[in-house]
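If you read the sequences in order, they're chains A and B.
The first sequence begins at 1 in the numbering used here and counts up by one.
The second sequence begins at 287 in the numbering used here and counts up by one.
The set of hints was computed from the structure by calculation and includes no laboratory data.
A portion of the hints provided could be inaccurate.
Stated by the list, open to error - A few chain A positions that, by computed beta-carbon distances, are all more than 10 Å from chain B: (1) M53; (2) Y86; (3) W138; (4) S164; (5) I205; (6) I223; (7) E241; (8) T264.
Claimed, not checked - Here are some chain A residues pointing at chain B (derived, C-beta under 7 Å): (9) L80; (10) T82; (11) A90; (12) F144; (13) G145.
Virtual Cβ for every residue (Gly too), placed ideally from N, Cα, C.
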Amino acid sequence: MSGYLSGVLVAYLLNLIIAYAVFLPGAGGILNLGVAGFVAIGAYASAWLSNEMEWPLAVTILLSMGVSALIGLAISFPILRTRGVYMVLATIAFGEVVVGLLINVEAIGGAAGYPVFEFIDLPVIALCTLAVVLFVVWLMSTRFGLALRAIHDDEPVAALFGVSVRGVRVAAFTIGAAIAGLGGALYGHHYAYVDVIYFTTLVSIYTLLYVLIGGVQTPWGPIVGAAVFSLLPELFRGATEWRYVFFAAVIILIMAVRPEGIITRALLLRLKRRGTIAAPTKEAAQ
Amino acid sequence: MDVLQQLISGLMLGSLYALLAVAFTLVIGVLNFLNFSIPGIFMMGGMISWGLMSQTNMVWWLAMAIALAACVVASLLVERFTYRFMKMRFGDATEHATPLVSSLGFLILFQGLVLIKWGPEMQYFPSPWQDPNLRIGELVIGLPQLASLILALVLVGGLSLLLARTGLGRAIRAIAESPDTAAMLGIRVNRIVPAVFIISGLLAGLAGVLFSLNYLQASPRMGDEIATLAISAMVLGGLGSVWGAVIGGLFLGLVQVMVIQFFGAEFLRAILWGLLLVIIVVRPQGVFGGSKISKGKF
Chain A
1 MSGYLSGVLV AYLLNLIIAY AVFLPGAGGI LNLGVAGFVA IGAYASAWLS
51 NEMEWPLAVT ILLSMGVSAL IGLAISFPIL RTRGVYMVLA TIAFGEVVVG
101 LLINVEAIGG AAGYPVFEFI DLPVIALCTL AVVLFVVWLM STRFGLALRA
151 IHDDEPVAAL FGVSVRGVRV AAFTIGAAIA GLGGALYGHH YAYVDVIYFT
201 TLVSIYTLLY VLIGGVQTPW GPIVGAAVFS LLPELFRGAT EWRYVFFAAV
251 IILIMAVRPE GIITRALLLR LKRRGTIAAP TKEAAQ
Chain B
287 MDVLQQLISG LMLGSLYALL AVAFTLVIGV LNFLNFSIPG IFMMGGMISW
337 GLMSQTNMVW WLAMAIALAA CVVASLLVER FTYRFMKMRF GDATEHATPL
387 VSSLGFLILF QGLVLIKWGP EMQYFPSPWQ DPNLRIGELV IGLPQLASLI
437 LALVLVGGLS LLLARTGLGR AIRAIAESPD TAAMLGIRVN RIVPAVFIIS
487 GLLAGLAGVL FSLNYLQASP RMGDEIATLA ISAMVLGGLG SVWGAVIGGL
537 FLGLVQVMVI QFFGAEFLRA ILWGLLLVII VVRPQGVFGG SKISKGKF
């Protein structure tokens with residue numbers, strides 16, 4: 001595989017992992033605009049554990065996911081008390097606080113950035129992404145996923161039917177934080193360098209945008225959304241300046257035409273029906 | 287004397303935050319809509335007036351007028367494709383996160399277009415004055431800064447008079463209370479809502495022009511940093527409260543100058559956003575009191 005292709009692929013896979021970190025709370029109606037904070041926590045935690053403690057990669061990555069999840073759990077209670085615009089602002093504030101604190105810690109390089117020595121390449125990242133996708137697809141097919149979707153569609157009714165709204169949302173937010181931590185850890189080890197300027201609110205904004213473009217109704221949405229964000233601009237490489245304008249136009253257009261995102265439950269149902277109708281006619285023709 | 291000088295610069299800086307915070311808070315207060323395109327409109331105010339002045343040698347007041355007109359048009363464009371579109375399709379534009387997301391799209395769009403036209407570099411903004419400083423004893427007061435402080439106070443005073451006394455103001459407040467009831471009572475919601483966007487776009491654009499005048503610079507990213515401060519000012523004052531936003535803006539200007547003085551600039555962001563997070567969680571109605579807006583929508 002050429003260097004260019006694998007580079008694009010790695011960027012896509014990392015974006016996809018972070019997309020699922022935003023998707024899980026998003027599926028329950030929580031807009032997380034602070035995901036870059038969790039990615040930063042994962043990246044720095046894993047980098048520090050592997051540089052200073054020299055623990056094996058699997059351990060440091062799992063531990064950094066744990067750190068991210070713990071902070072996510074702790075912060076989810078105050079953040080999930082808020083609603084609407086306030087929740088958007090609270091999550092942005094969280095991301096900014098994380099970055100603002102990390103930049104002042106000299107032990108991990110401060111504003112100069114922090115080199116990471118252990119290297120992780122495409123195959124491992126691909127395996128991790130696959131695991132995340134399968135996990136989220138499985139999770140959304142369980143009772144938990146059903147409860148999450150119910151909360152997204154109608155919170156009071158979900159509560160009336162006995163769903164522990166707060167419990168489910170806290171769990172979704174925490175699992176999302178763990179996945180973001182994984183994304184951050186892989187990011188740091190692949191690019192061999194972490195710097196807070198990679199984890200700005202703009203990153204959170206872009207991530208939320210492509211997750212919503214893909215759609216939060218089904219776990220397949222992020223795959224499409226991340227592709228729109230990571231792969232389509234590559235087709236326009238000749239006009240690099242135009243890629244953000246193009247991306248912005250796509251966002252505005254999709255939000256106007258398909259406000260629930262590209263992949264919706266209705267769309268999947270339609271495709272499935274067409275499949276089952278098409279199949280018998282094929283047999284009949286034989 | 288040094289502290290007094292710092293106080294003055296803090297207040298002047300704060301007046302810029304106040305203008306931008308009022309632009310944010312007006313749209314949130316009336317429509318429950320966090321309009322993320324405002325930093326982009328702010329940036330357009332500075333960049334377009336710079337572009338016209340430096341590349342076509344236009345007189346400064348004409349260049350700024352054209353820039354402000356462009357800002358108003360941009361703001362109306364945002365209204366057309368976020369708020370009104372959702373209103374037409376779903377009857378309630380604020381039930382979905384869509385307007386918020388589309389406004390982020392517009393922010394990226396505006397920044398992208400300016401980047402293509404003028405590139406990412408920071409530009410030197412020509413000053414229309416020979417000596418833009420006023421000296422009282424040892425105190426140095428920048429004329430543009432003084433102008434922005436006075437303009438901010440006058441504009442916001444005018445705005446609150448408009449909201450309190452005029453028919454347009456009454457209509458805007460009725461829509462803020464309940465768009466459906468307002469429509470039932472004969473208010474033409476589709477005529478009034480653009481007025482809110484015009485005012486908000488004008489304030490944001492003006493803040494951008496004044497910012498460029500104060501710091502003699504303009505860049506495609508100039509809106510990012512100041513928008514976070516304006517949003518903080520708005521939260522501090524309570525979402526939807528015009529005077530709250532002004533006081534929040536002036537207060538933040540002071541805090542910023544003091545934090546930089548005593549702790550150093552590198553702690554500014556963590557302190558500011560930490561404060562914001564605490565306020566949102568503990569006292570979401572703002573420090574100064576009870577605005578009744580934002581019913582948990584976007």
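Tested hints:
No Cβ of chain B approaches the Cβ of M53 (chain A) within 10 Å, the least distance being about 26 Å, so the stated non-interface status holds. Listed as a non-interface residue, Y86 (chain A) fails to keep its Cβ farther than 10 Å from every Cβ of chain B; the least gap is roughly 5 Å. Here W138 (chain A) stays apart from chain B, with its beta-carbon at least about 26 Å from theirs, past the 10 Å limit. Against chain B, the non-interface label of S164 (chain A) holds: every CB pair exceeds 10 Å, the least being about 19 Å.
With a least CB separation of 6 Å from chain B, I205 (chain A) falls inside the 10 Å interface cut-off, contrary to its annotation. A cut-off of 10 Å between C-beta atoms confirms that I223 (chain A) is not in contact with chain B; the least separation is 19 Å. Against chain B, the non-interface label of E241 (chain A) is violated: not every CB pair exceeds 10 Å, the least being about 5 Å. Taking the minimum C-beta to C-beta distance to chain B, about 13 Å, the non-interface status of T264 (chain A) holds against the 10 Å cut.
For L80 (chain A), the shortest C-beta to C-beta distance to chain B is roughly 10 Å, which exceeds 7 Å, and the interface hint is violated. For T82 (chain A), the shortest C-beta to C-beta distance to chain B is roughly 6 Å, which falls under 7 Å, so the interface hint holds. Interface hint status for A90 (chain A): upheld, as the beta-carbon distance to the closest one in chain B is roughly 5 Å, under 7 Å. Because the closest C-beta pair between F144 (chain A) and chain B is about 22 Å apart, greater than 7 Å, the hint is violated.
Proximity of G145 (chain A) to chain B is violated relative to the hint, the smallest CB-CB distance being about 20 Å (cut-off 7 Å).
Hints 2, 5, 7, 9, 12 and 13 from the earlier list are contradicted by this structure; the remaining hints agree with it.
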